[in-house]
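*Asks:* Residues per chain, in single letters:
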Amino acid sequence: MPDAEKFLERMGDKITEVVHKPKRLYFVVKDDDLSEVAEYLFHIMKCRLSTATATEVHRGIEVLYQFSDDSTGDYYCPRVVMTDKEHPSMHSITPIVKGAEWIEREMMEFWGIEFRGHPRPERLLSKDHPQNLDQPYRFRRLS
Amino acid sequence: MNENSRNTIPVGPYHPLLEEAEYFTLTVDGETVVDIDLDIGWMHRGHEYLSEQRTFTQSIYLVERICGICSTSHPLACVHAIEDVDNIEIPPRAAYIRSLVGELERIHSHLLWLGLAGHFIGYDTLWMWSWKYREPVLEMCEKISGNRNHYGMMRVGGVARDVDPGQVPEMMDILDMLEKKMQMVAGAAKDDPVLHSRLKGVGVLSNQDAIDYCAVGPTSRASGVPGDVRKDEPNDAYGWVDFDRIVLQNGDVYDKLVVRVLETLESIKIIRQCLEALGESNGEILNNVKEIPPGEGIGRYEAPRGEVFHYVRTDGTNRPIRHKVRAPSYVNIPTYTASCRGIPVADALITLAAVDPCYCCTERDIKVLTPDRDPSNLDLLELSREKTDRIRREINGS
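Chain order of the listed sequences is C and A. One point on numbering: in our numbering, the residue at position 106 of the first sequence is 108, and numbering is uninterrupted. One point on numbering: in our numbering, the residue at position 346 of the second sequence is 937, and numbering is uninterrupted.
Okay, the calculated bits of chain A under chain C, using three or more residues with CB under 8 Å as the criterion:
no., region
1, 628-636
2, 798-807
3, 902-916
4, 919-926
Straight-line Cα separation of at most 25 Å, SDA-like style, residue types lysine to any residue; simulated pairs:
no., chain 1, residue 1, chain 2, residue 2
5, A, 978, C, 122
6, C, 87, A, 641
7, C, 23, A, 882
8, C, 48, A, 836
9, C, 129, A, 983
10, C, 129, A, 625
11, C, 129, A, 617
12, C, 129, A, 988
13, C, 25, A, 682
14, C, 25, A, 677
15, C, 129, A, 604
16, C, 23, A, 906
17, C, 48, A, 835
18, C, 25, A, 683
19, A, 822, C, 4
20, C, 32, A, 886
21, C, 23, A, 683
22, C, 25, A, 679
By construction, these hints were calculated from the structure, which means they are not laboratory data. As the structure is a prediction and not an experimental result, all values here were calculated from the model. Cβ atoms here follow ideal geometry from the backbone N, Cα and C, with glycine treated the same way.
Hey, can you work out the whole structure from these sequences and the hints?
*Replies:* What follows is the structure, encoded as structure tokens:
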């Protein structure tokens, strides 16, 4: 991953817990730095957002964005960790990557994550649900 | 523009053409679509959660049933993700078999769409041709796997079933016939003045919009975005076979059609090379994988509609603690916002169909809150009825 070295050099002060596998780079980024990292990946490196995955783990709720560099087949995966399981909240990257709109709305709905700055913070799958759904869908196994 | 001259046209909850449940609200000014709102959530799935309750092998069977057309793409992306956790290698023969089945699926999916597209615009000859020549492809799938769909071929570390080298000459004959017929269909599609006048310049998705919406597959390749997982990250046998990446520039429905037709011919090239390799030798088809260590893996495959993406996170047990599935339609459907604005209503439906949307892939799980018992299918039916009634009341203004 030659471009990964350049990326690490440029963004090294903003990322921690780097896991480097063949064609995959996973790393943790602070919520405040996510926009800058996403901007660099999407606009400078011309990566495409494949999707994002929220997972509940012992230390909190993690959101892992999966950016694909289609020119090399490499993946860059910034991970944001939210330790407050009751009220998880982070910045949205939808203002930077339009393609993140649906997946962030889905994570909002399923995991109860607030995406600050999302242009359309509505439910994606159940906006017409007749019941008052005021809790996330996913069963919290580790709380 | 006068706001009072605008009207709302509901499309759905059953697509008038594609027979799947979804709902669009077209805001029109006269004949022109000025805005579109998408409403999904009509189907009740839950495969991500279900997969996390199952072993890796069971998950492969589960994801195979996400979609009836992409019934190789999902399990293939799933096994790629599990193999990516521990960089598991597969035998070369298994790689050829995986690519062979994947390309057969691409041909029958593209022919299915091509037939439907022809039918949508009243060109039933194209529909009958496409579905007629789809049959031999499904028969080849049946020869290889025993099924026309849901092949059950994929395993972590290889494939479940070998291809009999004795069947190769027969399948080569079918390919020769299919290639001639597809060249005829391609020629007819490219030269037909009716298709030109009906589809050219309709529902244009610009190159920048395709990039912004992170569109994939023929939807993006028709707009000049060259992404193709088979070339970008050549898994399985794709690094060993010769084929071209089909990219066109106009982004309209016509280019999406031509991309699919030309990709069908490329798929025939790939299948022929895979069959040649399989006919010449024998070998192992499955590496014995005893356990999956803790970690995370990304797997993807170029499904007929575009990149299908699976992410698996493991903890050393025999089941994933997180399994994320992202079907290509999930990123292609939002491009309607860009491609439908400004077009006449009459063009909207073929534009909505042009990305070859698959809503059963796109939908996620819905939790039905019932205080004293588990939800039944009758609860789900009742929810759908309530939603339809509410929309009907809104439209009627009462």
